[in-house]
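J.: Just so you know, the protein sequences line up as chains D and F, in that order.
Quick note: the first sequence uses numbering that gives the first Met the number 0, first residue 0, plus one each step.
Quick note: the second sequence uses numbering that gives the first Met the number 0, first residue 0, plus one each step.
Simulated from the structure, these hints should not be mistaken for laboratory data.
There could be a bad hint or two in this list.
Said to hold, decoys possible - Here are some chain D residues pointing at chain F (derived, C-beta under 10 Å):
#, residue
1, Cys340
2, Asn344
3, Val398
Stated by the list, open to error - For the chain F half of the interface with chain D, some residues (derived, Cβ under 7 Å), not all of them:
#, residue
4, Val32
5, Leu38
6, Asp42
7, Val99
8, Arg103
As the list claims (entries may be wrong) - Derived CB-CB ranges, DEER-like:
#, chain 1, residue 1, chain 2, residue 2, range
9, D, Tyr284, F, Pro27, 16 to 26 Å
10, D, His283, F, Arg319, 35 to 45 Å
11, F, Arg319, D, Tyr284, 48 to 58 Å
Note that beta-carbon positions come from the ideal geometry of N, C-alpha and C, so glycine has one too.
Below, each chain spelled out in residue letters.
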Amino acid sequence: MADLSIDFAGIRSPNPFWIASGPPSNTAYQAHRAFEAGWGGVVWKTIGEPIVNVSSRYSGIDIGGTRMAGFNNIELISDRSPQTNFREIAETKKLWPDRALIASLMVETREDWHDFIKRSEDAGADGIELNFGCPHGMCERGMGSAVGQNPGVIETIVGWVMEAARKPVIAKLTPNITDITTAARAAKRAGADAISLINTINSITQVNLDTWVPEPFVGGFSSHGGYCGPAVKPIALQMVQACADDPEIQLPISGIGGIASWRDAAEFIALGSTSLQVCTAVMHYGFRIVEDLIDGLGNYLDSKSICSVDSLRGRAVSRIKEWKYLDLNYKRIARINYDRCIGCNLCHIACEDGAHQAIRLIAPNGLGLGPGRVPGKPIPEIVEESCVGCNLCALVCPVQGCISMLSVETGRNTLSWDDYQEKSRGAS
Amino acid sequence: MQRMNLSAKLPAQAVAEKMGELQTPYTPQEASVEASRCLFCFDAPCIMACPTGIDIPSFIKKIETGNIVGSARTILSANILGASCARVCPTEVLCEGACVLVDRQRDPIKIGRLQRFATDYVYERGLDVLKSPVRKSGKRIAVIGAGPAGLGCAAELAQLGHSVVIFERKPWPGGLNTYGIAYYKMKPEISLREVATVERLGVEIRCGIEVGRDISATRLQQEFEALFIGIGLGEGQALRIPGEQLHGVSDALDFIEEIHSHPLHEVAVGNSVIVIGCGNTAIDAVTQAKRLGAAKAIVAYRRSETEMPAYHFEYELAQRDGATFYFNVAPIELIGDEAGQVCAVKFVRTETSKKGELKLIPGSEFTEPADMVLKAVGQSKQSAWLTQNFPALRLDQRGVIERNPATGQTSIPHLFAGGDCANGGREVVNAVGEGKKAARGIHAYLGQSNMPVARQPSRLGVNGEPSGSGLEAPIRAHELEKLYFSEAEQHG
Ligand SMILES: Cc1cc2nc3c(=O)[nH]c(=O)nc-3n(C[C@H](O)[C@H](O)[C@H](O)COP(=O)(O)O)c2cc1C
Ligand code: SF4
Ligand code: SF4
Numbered sequence: 000m001a002d003l004s005i006d007f008a009g010i011r012s013p014n015p016f017w018i019a020s021g022p023p024s025n026t027a028y029q030a031h032r033a034f035e036a037g038w039g040g041v042v043w044k045t046i047g048e049p050i051v052n053v054s055s056r057y058s059g060i061d062i063g064g065t066r067m068a069g070f071n072n073i074e075l076i077s078d079r080s081p082q083t084n085f086r087e088i089a090e091t092k093k094l095w096p097d098r099a100l101i102a103s104l105m106v107e108t109r110e111d112w113h114d115f116i117k118r119s120e121d122a123g124a125d126g127i128e129l130n131f132g133c134p135h136g137m138c139e140r141g142m143g144s145a146v147g148q149n150p151g152v153i154e155t156i157v158g159w160v161m162e163a164a165r166k167p168v169i170a171k172l173t174p175n176i177t178d179i180t181t182a183a184r185a186a187k188r189a190g191a192d193a194i195s196l197i198n199t200i201n202s203i204t205q206v207n208l209d210t211w212v213p214e215p216f217v218g219g220f221s222s223h224g225g226y227c228g229p230a231v232k233p234i235a236l237q238m239v240q241a242c243a244d245d246p247e248i249q250l251p252i253s254g255i256g257g258i259a260s261w262r263d264a265a266e267f268i269a270l271g272s273t274s275l276q277v278c279t280a281v282m283h284y285g286f287r288i289v290e291d292l293i294d295g296l297g298n299y300l301d302s303k304s305i306c307s308v309d310s311l312r313g314r315a316v317s318r319i320k321e322w323k324y325l326d327l328n329y330k331r332i333a334r335i336n337y338d339r340c341i342g343c344n345l346c347h348i349a350c351e352d353g354a355h356q357a358i359r360l361i362a363p364n365g366l367g368l369g370p371g372r373v374p375g376k377p378i379p380e381i382v383e384e385s386c387v388g389c390n391l392c393a394l395v396c397p398v399q400g401c402i403s404m405l406s407v408e409t410g411r412n413t414l415s416w417d418d419y420q421e422k423s424r425g426a427s
Numbered sequence: 000m001q002r003m004n005l006s007a008k009l010p011a012q013a014v015a016e017k018m019g020e021l022q023t024p025y026t027p028q029e030a031s032v033e034a035s036r037c038l039f040c041f042d043a044p045c046i047m048a049c050p051t052g053i054d055i056p057s058f059i060k061k062i063e064t065g066n067i068v069g070s071a072r073t074i075l076s077a078n079i080l081g082a083s084c085a086r087v088c089p090t091e092v093l094c095e096g097a098c099v100l101v102d103r104q105r106d107p108i109k110i111g112r113l114q115r116f117a118t119d120y121v122y123e124r125g126l127d128v129l130k131s132p133v134r135k136s137g138k139r140i141a142v143i144g145a146g147p148a149g150l151g152c153a154a155e156l157a158q159l160g161h162s163v164v165i166f167e168r169k170p171w172p173g174g175l176n177t178y179g180i181a182y183y184k185m186k187p188e189i190s191l192r193e194v195a196t197v198e199r200l201g202v203e204i205r206c207g208i209e210v211g212r213d214i215s216a217t218r219l220q221q222e223f224e225a226l227f228i229g230i231g232l233g234e235g236q237a238l239r240i241p242g243e244q245l246h247g248v249s250d251a252l253d254f255i256e257e258i259h260s261h262p263l264h265e266v267a268v269g270n271s272v273i274v275i276g277c278g279n280t281a282i283d284a285v286t287q288a289k290r291l292g293a294a295k296a297i298v299a300y301r302r303s304e305t306e307m308p309a310y311h312f313e314y315e316l317a318q319r320d321g322a323t324f325y326f327n328v329a330p331i332e333l334i335g336d337e338a339g340q341v342c343a344v345k346f347v348r349t350e351t352s353k354k355g356e357l358k359l360i361p362g363s364e365f366t367e368p369a370d371m372v373l374k375a376v377g378q379s380k381q382s383a384w385l386t387q388n389f390p391a392l393r394l395d396q397r398g399v400i401e402r403n404p405a406t407g408q409t410s411i412p413h414l415f416a417g418g419d420c421a422n423g424g425r426e427v428v429n430a431v432g433e434g435k436k437a438a439r440g441i442h443a444y445l446g447q448s449n450m451p452v453a454r455q456p457s458r459l460g461v462n463g464e465p466s467g468s469g470l471e472a473p474i475r476a477h478e479l480e481k482l483y484f485s486e487a488e489q490h491g
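Here chain F stands alone, though its shape is the one from the complex:
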């Protein structure tokens, strides 16, 4: 990375404090009091809002009764990355946003914090709550990418009795969970601890191996009966303006990755940091830059406050951390000094026309000093790698893999996909859920259709079938809407 003039700003102790966890864990009593508020809804909306369909009321009830191991098993059997999801899920827009107590003008149940309580309990005690069967199917499956999608898929396959090998390009497994989550939300150790559970289910993870470079896709397809692709997204997108090659200019995700692969007090940061873009990655970058000691940190966004993609609670967090927000400004040039180090950004003001088109306002240019510029304008798709390694694989116009959302199966029957490379870029929990669904898709594809579907006691209807919504695997709200209404119409 190019940042020769930048240095670490704070001593180790100070930086450790600033980057420490935002959310403190519950004490056992806090957890049981919070758990006792849960109504134990039947066919609960929180379950439906969880992309991995965790039986939330059941796990909460188990916390209330003091059956914490059972609670963790309920969570982890539905979502192998339950501990990291407990920390990084935007619960406000998922389970907690769906909690019926919101309708009662009450605080929703703190599902994320309770989930953390239960999963921490078993991790801290080194208890394994999941098992893979002793009798194996004899089938071998390769998973490409050890991120949330790949791990979700591998863990489910292992529990279904299959042999799984994961191929990971990076030196450490875990994908964005290990390299890309704001430090104060989750430390990389948490992610690695979870990866270790997946390995204990019998999954083999080979790190530092890039498919297409170190092993060919063709060979994988010969050696394994099915493949799962969970490679996420690619490099950060370029701004395509002059000056991008200057020292001190880098991609926000690279900056976050550096935080995760170095001792915190050695991570270099600018004095005046400008982050371009206003998604959740931009927020993660700006808050961490601030916490590492940047004197000034600005988020610059082309559009207006109401249009920013970042969640509102993330926006508030950054404001509390002292970040400044510039809306309706577009960068047109990155300006460098004689040494080739960035020293300012030139912006032009913008406005949005009634039709929603972005217009630059001529004559409104201004410059803002900066010794570090972080680009957070989205990640590129993996279409180049995909077409190179799997020429027959069908992608959509965006460069995202086309697949059956229920099974993860792609246009190549033995090839399955999930996570960001198949959904275009969503949450960690979506990736895990899609990995899990694909595992079941693979299981069925391999002719093992008698799949034991985990029973969810709080949704049990007549004859043990899920009742109410009738959805065996609940999914996110808008997907549910489509599915539910189309089914209702058919039956109607």
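In isolation and in its complexed conformation, chain D is listed as follows:
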């Protein structure tokens, strides 16, 4: 079995799966349950001056039959006193010495940062995460994403933190920014040991069409909430890859955003993450999901003969290039496997109305098959001359392995946008 243990900027963890700072990491009770279930680490719910939460605070969107495909919240940091939190961290750490226990902090002044860091370390925390992310509430008071959106402020605060910290420091970044690498670079310049991303994305999930009050409903009003869950994964992956690929950053990355399965985890690792943090999926299904995360990731690594998480890390990072370096002469074409095709004609209508008019409907006689029980039911046929290879039909086809995108040999040399421009300049 592959080695799943990690060393994240000096924080050791038996596996890369950590509970992200949030409702599941609110109390010692929950941390015990998480560790009992097998989680490698817990990032405590953000500690700061105690706040008061509104009652109704979560909302979500369902896609098809899937509940909570996207999830949002207007919850603030911990509503429990710092004393209670630090005491429980100390108790938990004693019981679980081999797991990673990280204190997440959000305070205002230099003195407060120094004070909270000392108290975290005294409680036995293995590391400190700086919450620069919450897009609601805290930012109105100059904290959270108000910090994370301003690289200058990040640099100042990380600087204060590094004056006091002896344990590894992780800067948690907000995605509510044009270019997340500028924030990551600022953290690096100020000496942070690692970064974690992404925090939640500014959002409104739904509007009640009877009252016209968006959700979550709080006495007739709502507020912009932080969006997370499976729907945000692609955004998180992009940001993780961008930070992993940036030569100026080169910090360990804790990947966060929509992770719900070992596949998601493997993708985050391949794009440069060392540890992985999960919140929404645990809020949906409980701590027990870690069993499959560990088992699935281990089996996957074994099946690829990859001996450790470390050796998977970053394998896909360099496979993202700037668009202008892609080969304009590479060609794909769609191919339908008629043994699998069920004749739903979704590929036809998608290509006809939404793309390049390259799939026509024909009578099935010639092909000698009749998808659907209705004889004579038309079936799709790729018009190869018109197919640009865009992938749309393969994406809409509901049958796995039915439409494949075949690479075709064009006999032409690779041609980047730069080459192309040069060539066309030469021609004119």
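Starting from the known structure of chain D, arrange chain F with the ligands on it as the hints suggest.
T.: Below, chain F with the ligands alone, put in the same frame as chain D:
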């Protein structure tokens, strides 16, 4: 009906439970989860398999988005009897049988149950989703028979702006939908509720009036500009064996009609019931006899299990209800007691020769006790009534009206026909579809050719024409096959 020695078997509560609906309605969440499984196929096979051409993916999509009123309108604009079809259609061999998910080794979308969900929604709230135009054409059309074909035709004509009067022989409208559907599939109220929508479209229904007896066909043809005949089939066929006149012997359809016109706990049923024949009516009769409290119920069929006309799921239902099936047995005599009440049936065993001929096996006779015998060996055609009232009307060898299947027009230009009397006996949904087509045929015949054909968004091709199969009005599979291939050959 002759059943003097028979009595009701179960108290009201028990019988109400046993005859209660088999299929429970979907909750809103169940409906939306099921709807979300639909792939929203383009030019979908389910539409083609529906004889009324309901835009199935569109109505399902509307359930998914919570637009239930719109969903019901999509259904009812194509099939005015959408609520009863949702309950009585053999969906396994129609839309659901054609669903592409069957090809993917998956459960097809439960189209029937979703259709019921959407139509129940508007009926329960008393919402009318269809309208007839305010400006009328001034044309008057008479419809003979208020069954599914007649209602389908009348509703479509009303929506096209014509005045329609339906003449119905029975005291209640709805035809077999009101009188002849197994109780646990659909209660007569559902049918009557639908008839009321047709009336709200402006259609007048005159019940208890038999054409040829209370009003002459000649007079109808004088008073109305076109006629539609949707009179269904006639009496149940006789067995032509001794003893048919005995008490306790009746036609299966009459038995079912009695269930529908009396309080359930008053319906008399035998202790040992034998149903002769093995079509879907036989199944409806035997399961209802069982549910009304018959101790023993047997279906006796002349041919083998593989040859029975009943749908397989109906056969399974009857077996679950405890009916026994005798195959390869033919009744040769109904035996009565001194009081003239049937007490047994004498059978002979049969075999089918290699050529497919049925042979009786001499010496294999046996008797089976029965105090109730129900005949379900098919209904007779209406040729006598038809030739008497419309002497010039052309019938085929079977006694079925000849007509143009696309328009319903018969050999008499102002006379149109559809449903069982024109197709020889098929499903409710075929009757509705044929009624609808005939309405469009009548509309065109009356010179109103600029007919607004309902657009089906999920089949919309170039310039708003239906695309793909190119069929404006989809029809059943085997008809489609003929049409599609012959067209393809012509264009090919
Ligand atoms: C294939 C593709 C091409 C697009 N091209 C353009 C474009 O040329 N100009 C533009 O303003 N937006 C473009 N968009 C963005 C869309 O207009 C739209 O803002 C975005 O897709 C979000 O809307 P949606 O969730 O409905 O897709 C494109 C989107 C897609 C999917
Ligand atoms: S989308 Fe796939 S299954 Fe559907 S018609 Fe096209 S190839 Fe066949
Ligand atoms: S064939 Fe099945 S999946 Fe396709 S539209 Fe019809 S019901 Fe939906």
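J.: Do the beta carbons of arginine 319 of chain F and tyrosine 284 of chain D sit within 48 to 58 Å of each other?
T.: Roughly 38 Å apart at Cβ, these two residues miss the hinted range, so it is violated.
J.: Does the CB of aspartate 42 of chain F sit less than 7 Å away from some CB of chain D?
T.: 5 Å, holds
J.: Under 7 Å is the threshold here; is the Cβ of valine 32 of chain F close enough to any Cβ of chain D for the hint to stand?
T.: Because about 5 Å separates valine 32 of chain F from the closest Cβ in chain D, which is inside the 7 Å limit, the hint holds.
J.: Does leucine 38 of chain F meet its interface restraint, that is, does its C-beta lie within less than 7 Å of any C-beta in chain D?
T.: 5 Å, holds
J.: Can the hint on asparagine 344 of chain D be confirmed by a CB-to-CB distance to chain F that is less than 10 Å?
T.: At about 4 Å, which falls below the 10 Å cut-off, the nearest Cβ of chain F leaves the hint on asparagine 344 of chain D intact, so it holds.
J.: Is it true that the C-beta distance of histidine 283 of chain D to arginine 319 of chain F lies inside 35 to 45 Å, as the hint says?
T.: 40 Å, holds
J.: Should the hint that arginine 103 of chain F touches chain D count as held when the rule is a Cβ pair under 7 Å?
T.: 5 Å, holds
J.: Quick check on the hint: valine 398 of chain D CB to chain F CB, less than 10 Å?
T.: 6 Å, holds
J.: Is the interface hint satisfied for cysteine 340 of chain D? The criterion is a beta-carbon contact with chain F at less than 10 Å.
T.: 8 Å, holds
J.: Should the hint that valine 99 of chain F touches chain D count as held when the rule is a Cβ pair under 7 Å?
T.: 4 Å, holds
J.: Honestly, do tyrosine 284 of chain D and proline 27 of chain F meet the 16 to 26 Å range at C-beta?
T.: 25 Å, holds
This entry does not satisfy hint 11, going by the numbered hints stated previously; all others are met.
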